[in-house]
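This is what each chain is made of:
There are 4 protein chains.
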Amino acid sequence: MPPAPPTRVLLISCPDRQGIVAAVSLCVLEAGGNIVRSDQHSTDLLGGVFFMRLEFLYLEPEQGDADFTSRFAPVAAHYEMDWRLVRSDQPKRMALFVSRLDHCLIDLLWRWRSGELAVKIPLIISNHPDLEAVAAGYGLPFYLFAIDRDNQAGQEERMLALLEGQADFLVLARYMRILGPRFVERYCGQIINIHHSFLPAFIGASPYERAYERGVKVIGATAHYVTAALDEGPIIEQDVTRVNHRDQVADLKLKGRDLERIVLARAVKWHIEDRVLIYGNRTVVFT
Amino acid sequence: MPPAPPTRVLLISCPDRQGIVAAVSLCVLEAGGNIVRSDQHSTDLLGGVFFMRLEFLYLEPEQGDADFTSRFAPVAAHYEMDWRLVRSDQPKRMALFVSRLDHCLIDLLWRWRSGELAVKIPLIISNHPDLEAVAAGYGLPFYLFAIDRDNQAGQEERMLALLEGQADFLVLARYMRILGPRFVERYCGQIINIHHSFLPAFIGASPYERAYERGVKVIGATAHYVTAALDEGPIIEQDVTRVNHRDQVADLKLKGRDLERIVLARAVKWHIEDRVLIYGNRTVVFT
Amino acid sequence: MPPAPPTRVLLISCPDRQGIVAAVSLCVLEAGGNIVRSDQHSTDLLGGVFFMRLEFLYLEPEQGDADFTSRFAPVAAHYEMDWRLVRSDQPKRMALFVSRLDHCLIDLLWRWRSGELAVKIPLIISNHPDLEAVAAGYGLPFYLFAIDRDNQAGQEERMLALLEGQADFLVLARYMRILGPRFVERYCGQIINIHHSFLPAFIGASPYERAYERGVKVIGATAHYVTAALDEGPIIEQDVTRVNHRDQVADLKLKGRDLERIVLARAVKWHIEDRVLIYGNRTVVFT
Amino acid sequence: MPPAPPTRVLLISCPDRQGIVAAVSLCVLEAGGNIVRSDQHSTDLLGGVFFMRLEFLYLEPEQGDADFTSRFAPVAAHYEMDWRLVRSDQPKRMALFVSRLDHCLIDLLWRWRSGELAVKIPLIISNHPDLEAVAAGYGLPFYLFAIDRDNQAGQEERMLALLEGQADFLVLARYMRILGPRFVERYCGQIINIHHSFLPAFIGASPYERAYERGVKVIGATAHYVTAALDEGPIIEQDVTRVNHRDQVADLKLKGRDLERIVLARAVKWHIEDRVLIYGNRTVVFT
Numbered sequence: 001m002p003p004a005p006p007t008r009v010l011l012i013s014c015p016d017r018q019g020i021v022a023a024v025s026l027c028v029l030e031a032g033g034n035i036v037r038s039d040q041h042s043t044d045l046l047g048g049v050f051f052m053r054l055e056f057l058y059l060e061p062e063q064g065d066a067d068f069t070s071r072f073a074p075v076a077a078h079y080e081m082d083w084r085l086v087r088s089d090q091p092k093r094m095a096l097f098v099s100r101l102d103h104c105l106i107d108l109l110w111r112w113r114s115g116e117l118a119v120k121i122p123l124i125i126s127n128h129p130d131l132e133a134v135a136a137g138y139g140l141p142f143y144l145f146a147i148d149r150d151n152q153a154g155q156e157e158r159m160l161a162l163l164e165g166q167a168d169f170l171v172l173a174r175y176m177r178i179l180g181p182r183f184v185e186r187y188c189g190q191i192i193n194i195h196h197s198f199l200p201a202f203i204g205a206s207p208y209e210r211a212y213e214r215g216v217k218v219i220g221a222t223a224h225y226v227t228a229a230l231d232e233g234p235i236i237e238q239d240v241t242r243v244n245h246r247d248q249v250a251d252l253k254l255k256g257r258d259l260e261r262i263v264l265a266r267a268v269k270w271h272i273e274d275r276v277l278i279y280g281n282r283t284v285v286f287t
Numbered sequence: 001m002p003p004a005p006p007t008r009v010l011l012i013s014c015p016d017r018q019g020i021v022a023a024v025s026l027c028v029l030e031a032g033g034n035i036v037r038s039d040q041h042s043t044d045l046l047g048g049v050f051f052m053r054l055e056f057l058y059l060e061p062e063q064g065d066a067d068f069t070s071r072f073a074p075v076a077a078h079y080e081m082d083w084r085l086v087r088s089d090q091p092k093r094m095a096l097f098v099s100r101l102d103h104c105l106i107d108l109l110w111r112w113r114s115g116e117l118a119v120k121i122p123l124i125i126s127n128h129p130d131l132e133a134v135a136a137g138y139g140l141p142f143y144l145f146a147i148d149r150d151n152q153a154g155q156e157e158r159m160l161a162l163l164e165g166q167a168d169f170l171v172l173a174r175y176m177r178i179l180g181p182r183f184v185e186r187y188c189g190q191i192i193n194i195h196h197s198f199l200p201a202f203i204g205a206s207p208y209e210r211a212y213e214r215g216v217k218v219i220g221a222t223a224h225y226v227t228a229a230l231d232e233g234p235i236i237e238q239d240v241t242r243v244n245h246r247d248q249v250a251d252l253k254l255k256g257r258d259l260e261r262i263v264l265a266r267a268v269k270w271h272i273e274d275r276v277l278i279y280g281n282r283t284v285v286f287t
Numbered sequence: 001m002p003p004a005p006p007t008r009v010l011l012i013s014c015p016d017r018q019g020i021v022a023a024v025s026l027c028v029l030e031a032g033g034n035i036v037r038s039d040q041h042s043t044d045l046l047g048g049v050f051f052m053r054l055e056f057l058y059l060e061p062e063q064g065d066a067d068f069t070s071r072f073a074p075v076a077a078h079y080e081m082d083w084r085l086v087r088s089d090q091p092k093r094m095a096l097f098v099s100r101l102d103h104c105l106i107d108l109l110w111r112w113r114s115g116e117l118a119v120k121i122p123l124i125i126s127n128h129p130d131l132e133a134v135a136a137g138y139g140l141p142f143y144l145f146a147i148d149r150d151n152q153a154g155q156e157e158r159m160l161a162l163l164e165g166q167a168d169f170l171v172l173a174r175y176m177r178i179l180g181p182r183f184v185e186r187y188c189g190q191i192i193n194i195h196h197s198f199l200p201a202f203i204g205a206s207p208y209e210r211a212y213e214r215g216v217k218v219i220g221a222t223a224h225y226v227t228a229a230l231d232e233g234p235i236i237e238q239d240v241t242r243v244n245h246r247d248q249v250a251d252l253k254l255k256g257r258d259l260e261r262i263v264l265a266r267a268v269k270w271h272i273e274d275r276v277l278i279y280g281n282r283t284v285v286f287t
Numbered sequence: 001m002p003p004a005p006p007t008r009v010l011l012i013s014c015p016d017r018q019g020i021v022a023a024v025s026l027c028v029l030e031a032g033g034n035i036v037r038s039d040q041h042s043t044d045l046l047g048g049v050f051f052m053r054l055e056f057l058y059l060e061p062e063q064g065d066a067d068f069t070s071r072f073a074p075v076a077a078h079y080e081m082d083w084r085l086v087r088s089d090q091p092k093r094m095a096l097f098v099s100r101l102d103h104c105l106i107d108l109l110w111r112w113r114s115g116e117l118a119v120k121i122p123l124i125i126s127n128h129p130d131l132e133a134v135a136a137g138y139g140l141p142f143y144l145f146a147i148d149r150d151n152q153a154g155q156e157e158r159m160l161a162l163l164e165g166q167a168d169f170l171v172l173a174r175y176m177r178i179l180g181p182r183f184v185e186r187y188c189g190q191i192i193n194i195h196h197s198f199l200p201a202f203i204g205a206s207p208y209e210r211a212y213e214r215g216v217k218v219i220g221a222t223a224h225y226v227t228a229a230l231d232e233g234p235i236i237e238q239d240v241t242r243v244n245h246r247d248q249v250a251d252l253k254l255k256g257r258d259l260e261r262i263v264l265a266r267a268v269k270w271h272i273e274d275r276v277l278i279y280g281n282r283t284v285v286f287t
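Chains as they are written, first to last, in full-length UniProt numbering: chain A, 1 to 287; chain B, 1 to 287; chain C, 1 to 287; chain D, 1 to 287.
Take these hints with a grain of salt, some might be off.
Chain copies aren't distinguished; within one or between two, either way the pair holds.
Stated by the list, open to error - In silico BS3-like pairs for lysine-lysine, Cα to Cα no more than 27 Å straight-line: (1) K92 - K255; (2) K255 - K120; (3) K120 - K253; (4) K92 - K120; (5) K92 - K253; (6) K120 - K269.
Don't read these hints as lab results, they were simulated from the structure.
Chain A with its partners taken away, still in its complex shape (with noise of 0.2 Å):
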């Protein structure tokens, strides 16, 4: 079958009144859109905070994006919004970090390969040189930057730098380096990382380490974005699988890597396609 024509995915976040729906709606008749898709949440029934993620296309494709923002703009000022418009034949750019473990990586790479995710890799940064195999299977680039405890800093410079111009967003796939301020600051909302146990148990190191030790008979897997906070930024995705007590840290880990590589797998789809929207330290998803 022929490929679907491009949408505009608009995202909207803004003081919940009478007429926002209306208004918007109208504005996409006006510019000659068709709306396919349209979610909308409201954080509270009267007063709360109003977000909406529309998906429309444009039914003449000569018309375009300029025509819908000159008459969105006003609307978006007279609302007090937060918003942007996304094409949805732009992909985003998406880096990869990495350390060691293998099965985020490829399980992310193989989605991207069979069209499952549409997204541009430009690069894969490493903080270990295990696999740069793998990157250089995929044709991907590869970059090395141990990190010790003396050099971080002047390492994540230099990533930094690299990244410029390059990425939109960061994934960390079992990246074993806690990111520094600078990074959080560049990338606000826009790193992904994916915790080995259902946050908020388990903050930090050793999750399926001290899941065993505690005895409990599920275990879990978090996606959520990066923040100052260790461990302690927006949810974005959660997943959990049962276990047992013939479980050794060992099988813990094996069962883990399943749920890791869905959840983080699911989280990085709806941040691409736009799905997510921070609100405070929670996540508003459009799935």
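With chain A held as given, fit chains B, C and D onto it using these hints.
Structure of chains B, C and D alone, referenced to chain A:
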């Protein structure tokens, strides 16, 4: 906290065309309404069927449905809409049908009394006397219609006469008789059944016995609208649970009870809240 | 069909050594028993702790436990076993503790009356009068022990005196008071609590409120044995359900109710059937 | 840590009688073995079929299987056992069959290389050239047997000749041809297939299309042994995932890929570890 003000739910289906959302939301705005939740779905990107569920409230209490309806009727006609407007403060009337198994009945009654199901229950109908005491415990009228091979048509006529004017929809909470065509005709899209398998597997009688024979590793339950074709109506909700080689038929039934009551409760709740739209033999469920 | 003949459950824990299974199964054989189910677990391949649950029945009704015990006692001494022998036809006595929320209580009582839980219920204890009618509906004695800051120790003494000789184990079915140390001492490994979060996340008060604040995408429930450290006892069972940005705290509580009752019911059933062995702060659960 | 010493897995099925466990465990003890895991199952409390999986290791390395076998053979004869003894350090040889879809293949190869699947892979067979590069990337021989209506029998003879002496079992990792009867005869109970539905729903072709048509709310995948009756062999494992009205057939396929690879991987792992016993058209799976 004070009760939430009553809302309106507007349900629409029509051929998908440009401008529907703008036209509908303008009507709501002009009638003094504020949209608190909106969900929509198109069966195709272009040229499909459009479904919408719009929940709104009037900001001024004196405003009313007459005003809205007079504005909306021409819009609805223009877009060839099937539509209805429902008030959240006018609970539907639910008639329960049971036989001998009590788990679905008790679960629904408990949810109803706890306020989870905003519904009226005018009566309980059964073909067996077993559950009369349960009905009495909740102060609900219980009508026994013993049915054998010869009297089914006549008994069903009497049931229909009893129900007339008393019930908006019927829930078959493990009612172990197949309702005749007169019922399906009278309550089209208004009879919810719980089938104890993950349909379309194990259509018909004795699904747990047949699941055991087949050696499945999951069992399921399915809530669906009743149509003339047995167990083939539009599915509202399904869920499953794991089983293993240790589970005899009796164990499947025990595990299945927990599934059935939860799947049925979800379907009933969504129906009550007008979240389910039927489309051919499928459902759109705005959860 | 006729009822299954009563079985014996033999529970063993001891240092893992060669020959245990042979020695134990020989005792069963010589005492005229036939093993109908056997589960075992070693914490390590070599040098760990060995756990066994052996279910058997005597092929000749006149055979008895005295014979078995006289054969088994020297074996048990030789292998330094902790052990006990339980008859499936001597149901345990379960005392229920409740406060105001009824969902766990009603669920346990329904399972009990339907025959799913082979247990005696001598009494229900509460610190609030709210659920007295539920107890009465099942013909069960209900004892009210109103508790405030000043009288807790005294009230708990009176509860303990009332329970003495009447209860084998206690189930806290959303009992919203922390039991004092005298209880934990007297009923060590015999008090089951349901906590409304996936522990160790949200230990302590108001877990649903805190889950909402944290923006988690799954909520959970945990059944565990009560120890002196709040919410830190051995976990018997956990499960979770998905939530999203639409779920307010009230929605989490509704969804959580279904989780809590199912997780608690499983834990109680496994305890009744002697499937749970405590090992340090962890459990071995032979499901 | 050092590798675990190699264990033996003893698999038994026989008519259930008194004394089996004692007799078997005595043989293990006298041959110098220590039981590290034992699972058993009877199809009925009395008079059923007894299944056992016993994992043990010799405490003295010089002890061996000949000694055990000479002790065990008369016991096995006495109890009319079907049995086999498997060494954990002699990996099975797994031949993979694929067509064009790569997700199951890539997943199995990744698990194999990461050490999760203790197996040898002598070769990959396909009826399409598409996945040759994947095989090459793992250094595995790839054999193309193009099949059309006229040459299937001949091609299958050639495949069988190629496999002879090279493979212990076959995995159909989305191999989209029905294997002929000669295969089923030669590899009885040794061919694992992944079917992309929760069998017995949607037996045969195009299950995702039919699931979409039926409007199900869950889709599933089933790993089973291949028998002469299409999609009706003993089920090893099943799992499901939720779908909704937004999911088109293409979405079901995407979601299904994740299910298929995980369900197949579990089944393959359990088969490799001799955890699956076939009983009529059902399986006992000692996980």
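Tested hints:
1. When the C-alpha separation of K92 and K255 is checked against a cutoff of 27 Å, the pair qualifies only between copies, where the shortest distance is 23 Å, while the shortest distance within a copy is 31 Å.
2. For the homomeric pair K255 and K120, the shortest alpha-carbon distance between copies (22 Å) is at most 27 Å, but the shortest distance inside one copy (29 Å) is not.
3. For a Cα distance limit of 27 Å, the shortest separation of K120 from K253 across copies, 23 Å, qualifies, whereas the shortest one inside one copy, 30 Å, does not.
4. Taking the shortest Cα distances, K92 and K120 sit within 27 Å of each other inside one copy (6 Å), while across copies they are farther apart (40 Å).
5. In this homomeric assembly, K92 and K253 come within 27 Å of each other (Cα to Cα) only across copies, at 24 Å, whereas the closest approach inside a single copy is 31 Å.
6. In the homo-oligomer, the alpha carbons of K120 and K269 lie at most 27 Å apart inside one protomer (13 Å), although the nearest pairing across protomers, at 35 Å, exceeds that limit.
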